[in-house]
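Asks: Sequence:
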Amino acid sequence: MSSHVITPGPYRATKLWNEVTRLFRAGMPLRKHRQNFRHYSSCFMASAAVDWLHQLLCSNSNFGPDVTRQQTVQLLKKFLKNHVIEDMKGRWGTEDLEDNNMLYRFPSSSPLKPIPCRAPPSDCSSIKKRPSLRDREGFFKFRSIKKHEKETQENVDPAIHAQAEGLSQPVGEQVQRRALTVEDERDIWRDITLTHLQRILGVASLDDVLDQRYVNPQNIIHNMTKVTKHGVVTLDDKTNDLPHWVLSAMKSLANWPKYDSAQPSYPGFERDVFKTVSDYFYSLPQPLLTYELYELFINVLGLLQPQCERVAIEALQLCTLLLPPASRRKLQLLMRMMSRISQNVDMPRLHPAIGTRTLMVHTFSSCVLGSAEECDLDELLATRLVSFLMDHQQSILSVPGYLLSAITDRIQYLRTAQVPVDGVSDTCDPACVPLPIYAFCHQISSAEFEQQKLASSQKAMEELLEILLTDQNLSEKDRRKKLKQFQKQYPEIYRRRFPSSGGEDQTNNKPKIKPPLLNIKKTRHFSIRN
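Read in order, the letters of the sequence shown are residues 252 to 781 in this note's numbering.
Fair warning: there could be bad hints in the mix.
[Claimed, not checked] For lysine-lysine, the following DSSO-like pairs were computed, each having C-alpha atoms within a straight-line distance of at most 30 Å:
no., residue 1, residue 2
1, 328, 266
2, 502, 526
3, 328, 502
4, 364, 283
5, 739, 728
Worth flagging that the hints you see were computed from the coordinates, not collected in a lab.
On a predicted model such as this, the values are computed, not experimentally measured, just so you know.
Construct the complete structure from the given sequences, taking the supplied hints into account.
Replies: Shown next, in the form of structure tokens:
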């Protein structure tokens, strides 16, 4: 059956549910079966449904090959609970489903879930949102002014750029530096991070996939600046860190068998340690990726395609920066442990029937991703995400250097910008004060620019002529040569400087310019032999 990738957007989990339901109902083979001396048409056995659906999920790009048969059985149970299927007596909801020969059929009614309507903007009117840098008056005006300046300054002689820049400051206007507040800097960290994230996800607005009330810029700052040399987050409050005994158990498994020579060596010791670690993560009050960011990470799953691997890694880099530092630290340490255990050929088998990698993914999936309310595809989606996180944990959970540079450069630029004092009261709200990124430059008309360009050019050339006349490092020969060139290129300026008929100034520094030599026409000599 053909399937398509559910791209990022609102209610992606519901869309995925409807997609799997549609494919199952359209493709599951129906046959005539006999049971308890009766014949039933257009039905299927539970074991056959498990086989068919498991193959569908493993080959579907939205879920991937890590789906197990047991997870498929769990999904069929949810199909029965939501009346996607029913038994031959028409029962559903409270009935159970096992991987056996029981018969089931499709009901006549459509089992697809309706896509919820988005809440109108008025429902959120009570939420007070601090205006971001982009929302503040003058942000885009500044960009247009700078663009105009760039276009017009391209026509100015490079030699006079320094003089022309000095004219942009109004004469006599009092100027002072306005320091960025802590809240201003936090807005910059948040806005730049979310702007990059929106671009990567390709959504019209992050409001479709993220409730920005849960975005704390302080978390972003902490996760990017307070890290060890290996990139692991450090915590100011150690009470939120992993307990010492859990850290010791995780190190023991990650470095097996070289961690501690004094550790017990009885058979099955590594299984007991693994159970200790898993029990701790199951005891946490919520998944590491938090309930508030569940919808965001579900949407990132839409990027987990072979051709979009780099984009998915970059998206997860930014998403994990929004986590509370304690959650990000736990996620980093857990993913490192899982990755090392999966690649350790010396690690004894931790489960008699399941491979080590599969065991890692399915043990900790629900500890990493989950919704506050029961979601029908939670297990499958968490498996897909955790498998990708484990394989690319070193890249995903590192600090993105390009983002850190962009933010620090922006803050440094705003700190050095100047803003004119124009009667702004010190007691007003800093959010209402125009930012210094646009207040120090003024847009002018084309006529004014042409006038300033001419005046600045004339002044710069006059200063250059004075330098040629007074520079003591120039030899007389070089001085005469450069003055002749200047006189040829700028005769009007040269004539104003030397108004005498001879074109020379009667000062001690007057240049002695020799008249050009006469071009003597050479006569042609003929050979006597010709």
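Asks: Now tell me if each hint is right for this structure.
Replies: Each hint tested on the structure:
1. 328 x 266: holds, 19 Å
2. 502 x 526: Measuring from Cα to Cα gives roughly 14 Å; hence the hint holds.
3. 328 x 502: Between residue 328 and residue 502 the Cα gap is close to 38 Å, so the pair fails against 30 Å, i.e. violated.
4. 364 x 283: Distance of about 29 Å is within 30 Å: holds.
5. 739 x 728: holds, 17 Å
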